[in-house]
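**Student:** Now for the letters of each chain:
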Amino acid sequence: MASGNSILQIDDINLAFGGVTALNGISFDVAEGEICAVIGPNGAGKSSMLNVINGVYVPQSGRVIFRGQDCTQMRPRQIAKLGMARTFQNIGLFQGMTVLENILTGRSLKIRSTWIEQGLNIGRARREEVENRALVEEVIEFLHLQSIRKTPVGKLPYGLQKRVELARALVAEPTLLLQDEPMTGMNLEEKKDMSCFALEINREYGTTIVLIEHDMSVVMDISDHVVVLDYGAKIGDGTPDEVKNNQEVIDAYLGVTH
Amino acid sequence: MDFDWVFFIELIVGGLMSGVMYSLVAIGFVLIYKSSGIFNFAQGTMLLFAALTFVKLTEGSVNFWVALAVTMATMVVFGILVERFMMRPLANQSLLSLFMATVGLAILIEGMSQYIWDSAIHGLQLADFLDLALLDPVNMTVFVVDYIDWLDILISKFDVFATIVAGTMILVLAVFFQKTRTGMSLRAVSDDHLAAMAVGIPLSRVWALVWAVTGIIALIAGLLWAERVSVSFTLVEAVLKALPVILIGGLTSIPGAIVGGLIIGVGEKMGEIYLGDLMGVQGIETWFSYFIALVFLLFKPSGLFGLKAIERV
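Chains as they are written, first to last, in numbering that gives the first Met the number 0: chain A, 0 to 257; chain B, 0 to 312.
Everything labelled a hint here was simulated from the structure, so no lab data went into it.
C-beta: ideal position from N, C-alpha, C; glycine also.
Fair warning: there could be bad hints in the mix.
[As the list claims (entries may be wrong)] If we take Cβ atoms under 10 Å as the criterion, some of the chain A residues that face chain B in the derived model are: (1) N53; (2) V55; (3) G61; (4) R76; (5) I90; (6) L92; (7) Q94; (8) N120; (9) G122; (10) I147; (11) R167.
[Unchecked claim] Derived pair list, reagent style DSSO-like, types lysine-lysine, alpha-carbon separation capped at 30 Å: (12) B:K178 <-> B:K299; (13) A:K191 <-> A:K243; (14) A:K149 <-> B:K156; (15) A:K109 <-> B:K178; (16) A:K190 <-> A:K154; (17) A:K154 <-> A:K191; (18) A:K154 <-> B:K55; (19) A:K149 <-> B:K55; (20) A:K243 <-> A:K190; (21) A:K80 <-> B:K178; (22) A:K109 <-> A:K80; (23) A:K109 <-> A:K154; (24) A:K154 <-> B:K178; (25) A:K149 <-> A:K190.
Put together the whole structure using the sequences plus the hints.
**Tutor:** Here it is in structure tokens:
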């Protein structure tokens, strides 16, 4: 799927918390339309990387360029406006709301009507509501969430919550989707579903995906491009096959006697 | 002894009317709770500060409407400042930190109101102002003690006026926060700051809006209540009346605040008269509302309309 044009450029990112270096001179490019996996042992800086990309953390140095715009200093909301959506490692759903309501919040940035129009349910508000519902229903069907539409998310099992979170990210119609460990804690069946969803999203909507994942078989199956981090540094970058045969990566994963 | 139905209806009407006032104050609490998950300890002092600002302005012979507009603007600026200097730096911090910040805010406002204005007790004759302002064809001059004689039921004109103002405000707020996207954003923001930002909800704007609206509620409620209890630190305590209201209605629900307010309003009047008579004591009103709240909590721990906390074990 990758077309060769890079949609996201990570350029020499350094991030430290106090004296602890989380990311040390990380650079890599993500090509438009590809599925890029960021892998690495625990504490390698994968989640920090994702948080830098969507503006939760501002790095001490380096640049993040998304669709040609430098967004290193931008806040998450501004970056979301540029067409980036994400899911969280520990599930960032709004626990008190139903599945449907959660997914609807994903449309927040697309609302143009004023609160007066919404309060009276006239004009643009009514039109937008119809459009939003249509899109939300499409995504609900796509991810097979029909039967739990009205269920408060807090009641759902972990795997389904992850899926709802994915739905919320999708209704924002992102060009780039960040997924922080979308399959952690899932059984084989659920992992298979999640992998299929990622591939389908990538193929059908042309959405570029950057995901963090631990399950190597999943990573090798679905990604076009793999970036390996270890102790905040990049130790591998290439196609799944290249990375699989990279000695440094093997050492980091399997451990070597020093 | 025959049951005095006229008196009974008077009590109910009076109770409902003071209930509307409680609802208004309770909504102030609910809005902050909905958007940040905390109980706003500074609500009472905000009420006092708003009322005091208004009184001092009018005492300085500023026109009624100008004073009202200036005070409203002050409360909006106040809301924006709270967002900028309290909420924003504390985003993603523990709820306890946020709550403690509101305790600090309460102390700050209290000190500031004494510093800027004074700590004297001020009377507020809203009635006089309104008489001029509204050019009332019906003689409203002393309408604190003036009663409408309707169906043999005596109702204070000021209570009617206060009920209409508070009721209208509650209606506008309810529609705004239930029917618009802002309502949903509020809940999203209180559930998960990070996720709310990531889906593009303007966290800062939502908070500033909520605090500004709460400030305006504080102003209106402060003015209406000051009429009865004067503008002084008793106003801060008056706000405590809203506590049982939100316990009954549920901390997260605007309709709950309305229903809770009415229940407390009627309940405490009934308790004072009938239960007090029965027990041969007076002053039940001050604690009876808490008793009602306790009874409700026994059966509905998260309030009538409150969100039930769902936790997977």
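**Student:** Below or equal to 30 Å on CA atoms is what counts here, so check K109 (chain A) against K154 (chain A).
**Tutor:** Holds, at roughly 28 Å.
**Student:** K109 (chain A) and K80 (chain A): Cα distance at most 30 Å?
**Tutor:** Between K109 (chain A) and K80 (chain A) the Cα gap is close to 9 Å, so the pair holds against 30 Å.
**Student:** Would you check whether V55 (chain A) satisfies its interface hint, that is, whether its CB is within less than 10 Å of any CB in chain B?
**Tutor:** holds (7 Å)
**Student:** Is K149 (chain A) within 30 Å of K156 (chain B), Cα to Cα?
**Tutor:** Not satisfied, since the Cα-Cα distance of roughly 47 Å exceeds 30 Å.
**Student:** Does K178 (chain B) lie within 30 Å of K109 (chain A) when you go C-alpha to C-alpha?
**Tutor:** holds (17 Å)
**Student:** Against chain B, is L92 (chain A) within 10 Å by beta-carbon distance?
**Tutor:** This hint holds: L92 (chain A) lies near chain B, its Cβ roughly 7 Å from the closest one there, short of 10 Å.
**Student:** Would the hint linking K178 (chain B) and K299 (chain B) be met if the CA-CA limit is 30 Å?
**Tutor:** Holds: K178 (chain B) and K299 (chain B) sit about 26 Å apart, inside 30 Å.
**Student:** A closest beta-carbon separation below 10 Å is what the hint needs, so does Q94 (chain A) meet it against chain B?
**Tutor:** Q94 (chain A) check passes; min Cβ-Cβ to chain B is 6 Å, inside 10 Å.
**Student:** Assess, step by step, whether the Cα of K243 (chain A) is no farther than 30 Å from the Cα of K190 (chain A), and give holds or violated.
**Tutor:** Status holds; Cα separation ~21 Å.
**Student:** For the pair supplied as a hint, K191 (chain A) and K243 (chain A), confirm whether the alpha-carbon distance does not exceed 30 Å.
**Tutor:** holds (21 Å)
**Student:** Is the Cα-Cα distance between K190 (chain A) and K154 (chain A) 30 Å or less?
**Tutor:** holds (20 Å)
**Student:** Quick check on the hint: R167 (chain A) CB to chain B CB, less than 10 Å?
**Tutor:** holds (6 Å)
In summary, the numbered hints that this structure violates are 3, 9, 10, 14, 18 and 19.
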